[in-house]
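Novice: Using the sequences and the hints, build the whole thing.
So in our numbering, spot 25 of the sequence shown is number 25, and the numbers just go up one at a time.
DEER-style ranges, computed between Cβ atoms: (1) F9 - G114: 35 to 41 Å; (2) E236 - L117: 29 to 35 Å; (3) L51 - R146: 47 to 53 Å.
Please keep in mind that the hints were generated in silico from the structure rather than gathered at the bench. For glycine and all other residues, C-beta sits at the position ideal for the given N, C-alpha and C.
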Amino acid sequence: MTNPGTPSFDQLSIFLAVVDAGSFAGAGRRLNRAVSVISYGIANLEAQLGLPLFDREGSRKPTLTAAGRALLAEARTIAQGMDSLRAKVRGLHDGLEAEVDLAVDVMLPAERLGRVLRDFARDYPTVSLRLHVETLGAVAALVLDRRAVLGISGPVAAGMDGLDRTTAGSVPMVPVAAPDHPLGRMARIAPGAGRDHVQLVLTDRSRATEGQDFSVMSPRTWRLADLGAKHALLREGIGWGNMPLPMVEADLVAGTLVRLAMPDHPGGTYRFSGVWRRDTPPGPAASWLLAQFVQLGAGDHEEDGFTDL
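Specialist: In structure tokens:
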């Protein structure tokens, strides 16, 4: 059994240049090398692999052999990987982060998060991203613990020492229930009626808000650390609770949830802040992310009468 040698990256580059240019002369012009150097490089590559890569008989234009066609995709993958490596090294020399840990509040509209991260992937292809999605104080806690360099947090971050922050938009919160829930069947809800029914409440996975409740009015609560689970239980009619309006708009249109007209609990505006440790300012890529969230948040509309949760 023949053990092939290990070709150099330069040999693979010559191979790909010949394929793309369609000739040894074209590859020479592309790489600014003499045709004899190109020919020598291909010959050495074929010797290393123990396989003919081009059929040179009967035509002035080199044609890939079956072996050459089989190896072409692998050669391109190696070349692309080397290009990515070089780009990452250039970025590190320029101060660009190799990786960004981003923590976002679960209330942040998914469409906004997706839009920012799509553009981030396009503009910073060499920077890896680690995304944490958390509730309430857990976002700021991740930043304080240095597990995230940047957070898009809810209003609880405002009272935490050691953080710098900037306004990053808001989302309206509305009380909802299933249409067959007792509150959902009421055309007019009397003040205090919500106390008679189970309220589904989002809870904090960190200790940042331990012992604190936000917009809880019923003594009967089910507490969940997952907003998706809360959404599902609301649709099942298990209780009532506040939800970010973008997440339930489709339900309100379809009638799978109804907005509750509660005179003593109309909802609120959940305000976001970009947060980072005061002693660890975000680098170029993280600063770009922060600027995008701030820019998109500047267009948020806050309804009259809404207050912080």
